[in-house]
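Chains as they are written, first to last, in full-length UniProt numbering: chain A, 1 to 342; chain B, 1 to 342; chain C, 1 to 342; chain D, 1 to 342.
Check the hints yourself; a few may be wrong.
Identical chains share a label here; the pair holds if one copy fits it or two copies do between them.
[What the hints assert, rightly or not] Here are the simulated DSSO-like cross-link-like pairs (lysine-lysine), alpha carbons at most 30 Å apart as the crow flies:
#, residue 1, residue 2
1, 229, 332
2, 229, 189
3, 313, 56
4, 189, 56
The hints are simulated quantities; they were obtained by calculation from the structure and are not laboratory data. Keep in mind it's a predicted model, so treat the numbers as computed, not measured.
There are 4 protein chains.
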Amino acid sequence: MTTRTPVKAKPLHATRVPLPDKLKNSDSELVHQEELRQDVGFGTRFTDPYSRLINKDGSFNINRVNESFWDRLNLYNRLITMNWVYFLGWILLFYLAENILFATIYVLAGAENLVGTNDAMFHGAFWKAFFFSAQTLTTVGYGHIVPNSFLTSAIAAFESMLGLLAFALSTGLLYGRFSRPVAHIRFSKQAVVAPYLDVNGWMFRIINERSNQLIDVQVEVSLSRLETKPDGTPYRRYYGLNLERTQVTFFPNNWTLVHPITSESPLYGCTAGDLSRSDAEFLILVRATDDTFAQVVHCRYSYRYDEIQWNRKFGIMTNENQAGNISVDLNKLDNTEPATLN
Amino acid sequence: MTTRTPVKAKPLHATRVPLPDKLKNSDSELVHQEELRQDVGFGTRFTDPYSRLINKDGSFNINRVNESFWDRLNLYNRLITMNWVYFLGWILLFYLAENILFATIYVLAGAENLVGTNDAMFHGAFWKAFFFSAQTLTTVGYGHIVPNSFLTSAIAAFESMLGLLAFALSTGLLYGRFSRPVAHIRFSKQAVVAPYLDVNGWMFRIINERSNQLIDVQVEVSLSRLETKPDGTPYRRYYGLNLERTQVTFFPNNWTLVHPITSESPLYGCTAGDLSRSDAEFLILVRATDDTFAQVVHCRYSYRYDEIQWNRKFGIMTNENQAGNISVDLNKLDNTEPATLN
Amino acid sequence: MTTRTPVKAKPLHATRVPLPDKLKNSDSELVHQEELRQDVGFGTRFTDPYSRLINKDGSFNINRVNESFWDRLNLYNRLITMNWVYFLGWILLFYLAENILFATIYVLAGAENLVGTNDAMFHGAFWKAFFFSAQTLTTVGYGHIVPNSFLTSAIAAFESMLGLLAFALSTGLLYGRFSRPVAHIRFSKQAVVAPYLDVNGWMFRIINERSNQLIDVQVEVSLSRLETKPDGTPYRRYYGLNLERTQVTFFPNNWTLVHPITSESPLYGCTAGDLSRSDAEFLILVRATDDTFAQVVHCRYSYRYDEIQWNRKFGIMTNENQAGNISVDLNKLDNTEPATLN
Amino acid sequence: MTTRTPVKAKPLHATRVPLPDKLKNSDSELVHQEELRQDVGFGTRFTDPYSRLINKDGSFNINRVNESFWDRLNLYNRLITMNWVYFLGWILLFYLAENILFATIYVLAGAENLVGTNDAMFHGAFWKAFFFSAQTLTTVGYGHIVPNSFLTSAIAAFESMLGLLAFALSTGLLYGRFSRPVAHIRFSKQAVVAPYLDVNGWMFRIINERSNQLIDVQVEVSLSRLETKPDGTPYRRYYGLNLERTQVTFFPNNWTLVHPITSESPLYGCTAGDLSRSDAEFLILVRATDDTFAQVVHCRYSYRYDEIQWNRKFGIMTNENQAGNISVDLNKLDNTEPATLN
């Protein structure tokens, strides 16, 4: 591991915020200081400079050991969130497996107990049983193959019930997949440090990828970086970053989020090198309300120190044509242009 | 484009509100001013006087360029929100298309491999295959046409599974359509500027179109208009408007929302001509809770300068009959009568 | 109508609360007073002393005139909220009607085009068509009656698709009915005015009727009564009532809600006769979170002046047996016993 | 019952919090004091020292008497929350019962009215009717047994409709079971009293058992214990406990919740014996947002006085391997090690 020189902790007062909901534990200043320390939930022990806290897909960079089988499987979540191609593949596979299983059972129960009008076409008892199983499982039941014994009748009665349940399950899964609220928010690939009014600002840009509307969009940004305790041990520290604007009611086009680097900012006076040395990562949480289903959706993202462009600002994404119509070009989200910092 | 004379920006102090949740960035007054500027999310670049920000159906007046195919299609949203007639039409079309596709496949696999008790009635191999497909897809499977080869049996087994999935999908879509929380709030066609107590007020009126109850109804109104920066460039500015009352617990009859035009109002001293010249638009967001499903629903609307009647007030919508019963007449929502402004 | 003497309006200051979210419209005291007036959404025009605002089932006592057909029908809401017996009756009726309709169509298309193995048993072409329709609609398709012409095959193909859609609809409706979040909160039949600490209190009592848990239960109580304007015209006025406790985290047994009648209360100094003369009604809204589905549920109720017992207090509902187990007896919810007011 | 010596009530001022939402009822100090008393909803009458308020599975320890049959049954809740094995068992049982019922009806209607191609195989009229019923209920309808009279046709038409409804119900139940939002949060088996900064703290530890993410996790802890009124009668009292941190945005690994035992804490100066004598129980409510479905989930738990380890602290659960990857070991959740209190 290379040696890192974490940023020396700034005095706390700059980010000290009043605690409106609880009493100050006034007889211990240490307890009070600890209550003021911001933590987004990762804890202070992540001092490895090579990995990030939040991956680009929004997942967390933490392995879990000794999870139970069912918790690890997390079947419903997996079936709901997996790719459509995989999902349909699993359905097909499951359908085939179920039919092979029941075909085997019918063969064991005596294939002669399934009577068909034209048994020759199936090229063998197994396939007759297989197609009979498929016709039973889907309840299509043409009747050109029928169970011809008590046992096969009973198996078929059970299988058709199972088929209905499996279908019920698929119905639920398909609905669950479709109706799951997901925020399709695209983040600019890079954040920038650009001039902002008479100071500078740390900025990134988001846009709604879909044409369904999001309302009441809220953004929360935290800075995570390594600092050293008075005794010299490195620890990870978190700062909530003030934003020029944390919420918009409507979100019809792009939105550039700006953290003004004023003297109160933990970024005040920082250079690109400082961010790199302290393994800085900007953690972002977006909350919004999907207008179609009136459900709250979430979106996580992070920018690491090496995804920040200094001395560049974002270009304009919107156009106004001759007729006065505004259009926003999603492909221009990542466009930046040079800018001189204040 | 005609020349417009945007309203000169009023000094900020009137609408300056304290920021309870964040620190004042005290070392840059410009940053502080910018934090105070209200923006509902459209940005300042909409300076075209001919188009509105929010269309009458609540959608936004912004085109999107370079959206990806799937994001543009937005299939689920589209199927959920389209008109019932179109929806049922698409279902029928899809059913026909699926049957035509599979009929073709069966014919290619050899129509003689589908055996019927009375093949003559179908007037050709294609239609026999078509009706066999329909009976397979819906799993009705009468059995008077049956697959009579390995290949057609396999295709039919696949088709019946596909039929079940398609049906599962339809179940989900139908439920999604029915259970989607929608606020059926009707807005008065016109807003009015009418006398209000000892001042005047900008008012509009809403009513719940449906008999299911809405509770905890909240209304937020913003004024959007063109103003000029000190350097003379026009830009769009937003003001949150104070309302006499922003929330009601119950919403059993009509509700007239009033913005009192006191000296703190950005409308103070404005004339109809001022509103027109500054391309003023009033943006409205209603949030409510649907009582049946306890879901939060939303509703957007806007009034442009040319949808405001001056010197008129709203008429009474409720009647009390002999027996003392109150009734509210939805047809009277838009009724106004002359009134002299204070 | 009998003559009523509405209570003279108390001076406003007692219930004047600070408005934290908006600026005082300081240049018009009338506007400011109006902003402070509480209104739960019914408005001031309900001056009829014979009817109540909220019916005992939580619905509002307002007729709606000129509602559109679909809004009045409000089909989904109606099907979701109606009694189970009615609901199943409608399903059965719809099934019969659909079969009668299609039977008629098949007969018109030529009943001889449906071929059965034993046509005699149906006692006529209509019933053969009827049962064929039922077997098609449910996709059971035994195959002992089959379509035997192009036309009847096409009708059957359409009907089986319709059957699947109808079934999809039923699936959605059944799920919607079952999963609808409903708060089964039982209110004591009567409210009481009883001694409370060193003053008196207006009290009512609620309990969760079901064994599924409600958490974060919040209660809001408003008093509605007739008062007279300075010019003598009666109008309906609303007061939010302070409660000893407005929220509990858990709701495992009964909860007595108390409005302490201190000098700030609009009930201070009121007699039973005052409440009656001013047509007083106590409007109650309960919000809670259903623990099973984590959904917010609502419940409305009201007590009119004639549903209040004076000089009585609620009896104890809980028992502790020998083994120390606590039990709560739902039948004792309405029990009251005499009590002398302070 | 053994004699218990409840803790003497501490003076109220330490936990008195400002009431922001309502006026102080200033003319009765008793009313004001009562408004300040914290109560999580159990009331003050639970003075039995042998039972706990919240069971380990999160249910409440209160029996309910005279609940109505349907409220007690609470069918949907029960079917949704029961074990999968029981659920599938009930489905199978219901399927068998339905078939036995209809088989009996068909036999009563004349078993000769069901015609099969091979009646011998069923070993009797009942089983022929049973399998016909199964083929009708599941709508598989092979057609090798068919109704051969008006009456049996009518019964079959009814049964197939019933089958579809039962299947619709199962679809809803399966979806409801799968999509029910549940927080799988594991609590450490024991709470500890350990040194915390320069004071001591009461601590417990939680972790998300599943790999789906929870965000905006909020924790609320109340202390419940027996105290004595001035007249010597014991009553149960509740205190909201201040926590070092009540909310985290992300919850990727374990979280140790700390109540600092400063002089304001109701635990200040308490010994293990005090907690035992006053039958102390710590009530915990966790609220979080499930990231997959963006639904709010809840979790209840409690620690009784005999589930608290004194002079021990929690061990570390996370490891950082050579490559710098962090992993968290779920099996170490309950690990504690000795620690000397301040």
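Original post:
Among the hints numbered above, which are violated by the structure, and what are their numbers in rising order?
Top reply: Hint check: 2 fails alone, others pass.
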